[in-house]
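**Q** Each chain, written out:
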Amino acid sequence: MSGLNSGDKKLRNNALTIFSAAALAVCLWLAPTFIDAYKVRIINLIAINAILGLSLNLIYGMGGMFSLGHSGFMAIGAYVSAILIITPDQKQLMWILDPISPWVMNLQAPFLLSLIAAGVAAAFFGVLISIPVLRLGGDYLGIATLGFSEIIRILITNLTPITNGPLGLKGIPPHASLLMSYGCLAVMLLCVTRLMRSNFGNVVRAVRDDEVAAKTMGIDTFRIRVLVFTLGCFGGGVGGALMGNLITTIDPKMFMITQTYSLLMIVVVGGLGSMTGSVVGAILITTMLEWLRFVENPITIGSLNIPGIPGMRMVIFSVLLIAVIIFRREGIMGMREFSWGWLLRDAKKGGAK
Amino acid sequence: MSNENDFALRLDGVTIQFGGLVAVNDLTMNVPRKGIIGLIGPNGAGKTSAFNVITGFYKPNKGYVEFRGRDGAVSRITGLPPHRVCQAGLARTFQNIRLFGSETAIQNVMIGSYVRQRGRWWMNLVPFTFPGASREEEEIRANALALLERLGLGAYAETPASSLPYGAQRRLEIARALATKPEFLLLDEPAAGMNPQESAELLKFIRSLRDEFDLSILLIEHDMKVVMGVCEYIWVLDQGTLIADGSPEDIRMNPKVVEAYLGKEAAHA
Ligand SMILES: Nc1ncnc2c1ncn2[C@@H]1O[C@H](COP(=O)(O)OP(=O)(O)OP(=O)(O)O)[C@@H](O)[C@H]1O
Ligand SMILES: [Mg+2]
Numbered sequence: 114m115s116g117l118n119s120g121d122k123k124l125r126n127n128a129l130t131i132f133s134a135a136a137l138a139v140c141l142w143l144a145p146t147f148i149d150a151y152k153v154r155i156i157n158l159i160a161i162n163a164i165l166g167l168s169l170n171l172i173y174g175m176g177g178m179f180s181l182g183h184s185g186f187m188a189i190g191a192y193v194s195a196i197l198i199i200t201p202d203q204k205q206l207m208w209i210l211d212p213i214s215p216w217v218m219n220l221q222a223p224f225l226l227s228l229i230a231a232g233v234a235a236a237f238f239g240v241l242i243s244i245p246v247l248r249l250g251g252d253y254l255g256i257a258t259l260g261f262s263e264i265i266r267i268l269i270t271n272l273t274p275i276t277n278g279p280l281g282l283k284g285i286p287p288h289a290s291l292l293m294s295y296g297c298l299a300v301m302l303l304c305v306t307r308l309m310r311s312n313f314g315n316v317v318r319a320v321r322d323d324e325v326a327a328k329t330m331g332i333d334t335f336r337i338r339v340l341v342f343t344l345g346c347f348g349g350g351v352g353g354a355l356m357g358n359l360i361t362t363i364d365p366k367m368f369m370i371t372q373t374y375s376l377l378m379i380v381v382v383g384g385l386g387s388m389t390g391s392v393v394g395a396i397l398i399t400t401m402l403e404w405l406r407f408v409e410n411p412i413t414i415g416s417l418n419i420p421g422i423p424g425m426r427m428v429i430f431s432v433l434l435i436a437v438i439i440f441r442r443e444g445i446m447g448m449r450e451f452s453w454g455w456l457l458r459d460a461k462k463g464g465a466k
Numbered sequence: 010m011s012n013e014n015d016f017a018l019r020l021d022g023v024t025i026q027f028g029g030l031v032a033v034n035d036l037t038m039n040v041p042r043k044g045i046i047g048l049i050g051p052n053g054a055g056k057t058s059a060f061n062v063i064t065g066f067y068k069p070n071k072g073y074v075e076f077r078g079r080d081g082a083v084s085r086i087t088g089l090p091p092h093r094v095c096q097a098g099l100a101r102t103f104q105n106i107r108l109f110g111s112e113t114a115i116q117n118v119m120i121g122s123y124v125r126q127r128g129r130w131w132m133n134l135v136p137f138t139f140p141g142a143s144r145e146e147e148e149i150r151a152n153a154l155a156l157l158e159r160l161g162l163g164a165y166a167e168t169p170a171s172s173l174p175y176g177a178q179r180r181l182e183i184a185r186a187l188a189t190k191p192e193f194l195l196l197d198e199p200a201a202g203m204n205p206q207e208s209a210e211l212l213k214f215i216r217s218l219r220d221e222f223d224l225s226i227l228l229i230e231h232d233m234k235v236v237m238g239v240c241e242y243i244w245v246l247d248q249g250t251l252i253a254d255g256s257p258e259d260i261r262m263n264p265k266v267v268e269a270y271l272g273k274e275a276a277h278a
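Keeping their order, the protein sequence lines are chains F and U.
Here our numbering = 1-based position in the first sequence + 113.
Here our numbering = 1-based position in the second sequence + 9.
Simulated from the structure, these hints should not be mistaken for lab results.
Heads up, some of the hints might be wrong.
So, partial list: chain F residues that the calculated Cβ filter (under 7 Å) puts toward chain U [said to hold, decoys possible]:
| id | residue |
| --- | --- |
| 1 | C304 |
| 2 | T306 |
| 3 | M330 |
Below, simulated SDA-like cross-link-like pairs (lysine to any residue); rule was C-alpha separation at most 25 Å, straight line [to be verified]:
| id | chain 1 | residue 1 | chain 2 | residue 2 |
| --- | --- | --- | --- | --- |
| 4 | F | K123 | U | T138 |
| 5 | F | K122 | U | P169 |
| 6 | U | K68 | F | V325 |
| 7 | F | K122 | U | F139 |
| 8 | F | K123 | U | R150 |
| 9 | F | K122 | U | P140 |
| 10 | F | K122 | U | A142 |
| 11 | U | K43 | U | V31 |
| 12 | F | K123 | U | V135 |
| 13 | F | K123 | U | P136 |
| 14 | F | K123 | U | R144 |
| 15 | U | K234 | U | N52 |
| 16 | F | K122 | U | R150 |
| 17 | U | K71 | U | N61 |
| 18 | F | K123 | U | E148 |
| 19 | F | K283 | F | R336 |
| 20 | U | K68 | F | D252 |
| 21 | F | K123 | U | A155 |
| 22 | F | K123 | U | A164 |
| 23 | U | K68 | U | T250 |
| 24 | F | K366 | F | F179 |
| 25 | U | K190 | F | R336 |
| 26 | F | K123 | U | K71 |
| 27 | F | K283 | F | A230 |
| 28 | F | K123 | U | E145 |
| 29 | U | K71 | U | T37 |
| 30 | U | K43 | U | L30 |
| 31 | F | K366 | F | H288 |
| 32 | F | K366 | F | G278 |
| 33 | F | K122 | U | K213 |
| 34 | F | K123 | U | T250 |
| 35 | U | K71 | F | K122 |
| 36 | F | K152 | F | I412 |
| 37 | U | K190 | U | W131 |
| 38 | F | K123 | U | F139 |
| 39 | U | K190 | F | K283 |
| 40 | F | K123 | U | L154 |
No residue lacks a Cβ here, since even glycine has one placed at the ideal position from N, Cα and C.
Model the full structure from these sequences, guided by the hints.
**A** So this is what it looks like as structure tokens:
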């Protein structure tokens, strides 16, 4: 690519990005007619997990804040969106333990607005939890967010008039089509990329790498941290809402610590601080989690009969996580990002050999 | 000093204690506008601690610090958090270089300019929505590059700070501090680890920066010989206490200073 100056390169890269995004959109649009529903669902789940991974990466990888509360923010988003898009008639039928509170019954919003509301609600709780914890220096953020997500789960289980308690919500309108999920992912990738490439992105990394030096540069590190955490929570809320729309059923048990754990896997495997890494991580971890389901089924090898062991998936998963941490701590992408220049250069090198 | 009322920075009775240890004891000093003032003293004299009080990292047990801006307004900066001190117009470097190691040289300088950046983070989310903010980003990048070139670091713009040679890292820290558009610069042993010739060059360079950026400079230096050539006035600390102040000639002759230094140096040898 020696013949191109930087302006041409930018043009070429943008053209390549737009072209491949369009090609991907066509593929996704055709996918449901050619692939069975189960696979379509997994492809969809990849996008949602990428959104969730990306939002956690914003907090953990780019902001350097170890948070174990992402499932809590997902839950908030999922419930807010579901309550807004399920019709009052449906709600009336669903609440059987306790009568539904009337204002919850009458709350209604179109799907896209419900997504934004989900993000805003999660972000609101993000501010609420991060201000006191980050004031104390942030050392206890992991524990505090873990506690927070448990509290959210227990609140959801018990606030029956609002959440229908342990029964959860069923029959959520399935708005999360392939194109919708990938569209959300594209918007999010674009925003996060632009954010992290701007000077604000430099500042976020500076706060992560050396808080004392950042303060000396006049940066209110506390504010930056709260802001980044809140933005990550917004993404968690949107991701949770999409998840609810994909599965069409949500209940408190969906949002346990194992959910956060899978997201952490995505972030760590993909590369802490790498946006495209989170997408790669989402593809790998989502397919692997599905593929590993077979180990929980009874297996017969010749005369040997292995009974299904529930939870085996997570055991294998944990071993893999440990392996990643030992052998490739920086994850697949490290802190790098995918770029066309990088791909084309590599392809060229490969061709020359 | 000669004109008490033309100070840029003034410490009045500043005392800092760590448990039983008095790191700085009742320090009263001032730095005139556009001066290059030295703060010297043997190891552990309390020089860095004094810097940490001025820049808001330590709260003094007693005393206060006042800063007078170019506009003449005097404000008390004791009690302000470090980022507010920087916003008020004071920038510093560290004795043990503290660059953002994984960021490139130009990014380090751009981070310095953030404190004066007007565009907000959300203005860059959607392309073409806030042309003013994008223009400002470009200006910040261009200014950062110009600043790097001014400090002889142009060739390192895209190099991660941690892989720069030692002397370049020291200068990059100065560039980053200048990017915050300070009125007052605090340099903690800027020439540490350099040979006599390199440090003489650097100090001469610092002097030219003072004129170019209209700065008042307070610099800590360990090596007395180095500081004599560049500073107009010198304050000497020993074990937290001010033992002398005056022009370089006065300080050179002062028996107390000679004793504090020679005593130490003899002990080291
Ligand atoms: N945060 C702290 N906690 C406890 N003691 C401290 C702290 N900071 C400094 N001190 C002590 O205060 C005294 C003065 O330290 P300071 O770093 O200010 O000296 P200095 O003049 O900068 O010395 P040097 O030339 O070695 O840099 C030392 O005895 C040091 O151990
Ligand atoms: Mg020191």
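**Q** With reference to the structure, classify each hint as holding or not holding.
**A** Hint check:
With its C-beta approaching chain U no nearer than about 5 Å, C304/F sits inside the 7 Å limit, and its interface hint holds. The interface hint given for T306/F is broken, as the beta carbon of that residue sits about 10 Å from the closest beta carbon of chain U, more than 7 Å. Checking M330/F against chain U by beta carbon gives a least distance of about 5 Å; that is within 7 Å, so the hint holds. Proximity of K123/F to T138/U is assessed by CA-CA distance (about 19 Å); at most 25 Å being required, the pair is judged to hold.
At most 25 Å may separate the alpha-carbon atoms for a hinted pair to count; K122/F and P169/U meet this at roughly 23 Å. The straight-line distance between the Cα atoms of K68/U and V325/F is roughly 15 Å, inside the 25 Å bound, and the hint therefore holds. For the hint linking K122/F to F139/U, the alpha-carbon distance of about 24 Å falls within 25 Å, and the restraint holds. Restraint check for K123/F and R150/U: the C-alpha separation of about 17 Å stays at or below 25 Å, so the hint holds.
Between K122/F and P140/U the alpha-carbon distance is near 22 Å, which keeps this suggested pair within the 25 Å criterion. Distance check on the hinted pair: K122/F and A142/U sit about 23 Å apart at the alpha-carbon level, within 25 Å; holds. This hinted pair does not check out: K43/U and V31/U have alpha carbons roughly 31 Å apart, beyond 25 Å. Restraint check: the Cα-Cα separation between K123/F and V135/U comes to about 17 Å, which is no more than 25 Å; the hinted pair holds.
The suggested pairing of K123/F with P136/U holds, with an alpha-carbon distance near 14 Å, which does not exceed 25 Å. Pair hint K123/F plus R144/U holds up; C-alpha atoms about 17 Å apart against a cutoff of 25 Å. Between K234/U and N52/U the alpha-carbon distance is near 16 Å, which keeps this suggested pair within the 25 Å criterion. Between the alpha carbons of K122/F and R150/U the distance comes to roughly 19 Å, so the proposed pair stays at or under 25 Å and holds.
With a CA separation close to 14 Å, the supplied pair K71/U and N61/U stays within the 25 Å bound. Between K123/F and E148/U, the direct Cα distance comes to roughly 19 Å. Compliance with the 25 Å bound is thereby established for this hinted pair. Under the criterion of a C-alpha separation no larger than 25 Å, the hint pairing K283/F with R336/F is inconsistent with the structure, at around 39 Å. Restraint check for K68/U and D252/F: the C-alpha separation of about 22 Å stays at or below 25 Å, so the hint holds.
The suggested pairing of K123/F with A155/U holds, with an alpha-carbon distance near 23 Å, which does not exceed 25 Å. The suggested pairing of K123/F with A164/U holds, with an alpha-carbon distance near 22 Å, which does not exceed 25 Å. As the CA atoms of K68/U and T250/U are separated by approximately 18 Å, the hinted pair is consistent with the 25 Å bound. A threshold of 25 Å between alpha carbons decides the hint, and for K366/F with F179/F the separation of about 23 Å falls inside it, so the pair holds.
Only pairs whose Cα atoms come within 25 Å are accepted, and K190/U paired with R336/F is accepted, the gap being roughly 21 Å. Restraint check: the Cα-Cα separation between K123/F and K71/U comes to about 57 Å, which exceeds 25 Å; the hinted pair is violated. Only pairs whose Cα atoms come within 25 Å are accepted, and K283/F paired with A230/F is accepted, the gap being roughly 20 Å. Restraint check: the Cα-Cα separation between K123/F and E145/U comes to about 20 Å, which is no more than 25 Å; the hinted pair holds.
Proximity of K71/U to T37/U is assessed by CA-CA distance (about 11 Å); at most 25 Å being required, the pair is judged to hold. About 34 Å separates the Cα atoms of K43/U and L30/U, which puts this hinted pair outside 25 Å; it is violated. Only pairs whose Cα atoms come within 25 Å are accepted, and K366/F paired with H288/F is accepted, the gap being roughly 22 Å. Of the supplied pair hints, the one linking K366/F and G278/F holds, its CA atoms being roughly 11 Å apart against a limit of 25 Å.
Between K122/F and K213/U, the direct Cα distance comes to roughly 42 Å. Violation of the 25 Å bound is thereby established for this hinted pair. In summary, the hint linking K123/F to T250/U is not supported, as the alpha carbons are separated by about 59 Å, beyond the 25 Å threshold. Taking the CA atoms of K71/U and K122/F, the gap is near 59 Å; set against the 25 Å cutoff, the hint is violated. A C-alpha spacing of about 23 Å is found between K152/F and I412/F, which places the hinted pair at or below 25 Å, so the restraint holds.
Between K190/U and W131/U, the direct Cα distance comes to roughly 24 Å. Compliance with the 25 Å bound is thereby established for this hinted pair. Proximity of K123/F to F139/U is assessed by CA-CA distance (about 20 Å); at most 25 Å being required, the pair is judged to hold. Of the pairs offered as hints, the one joining K190/U and K283/F is violated, with about 58 Å between alpha carbons and a cut-off of 25 Å exceeded. Distance restraint check for K123/F and L154/U: the Cα-Cα separation of roughly 20 Å lies within the 25 Å cut-off, and the hinted pair is therefore satisfied.
Checked against the numbered hints listed earlier, the structure breaks hints 2, 11, 19, 26, 30, 33, 34, 35, 39; every other hint is satisfied.
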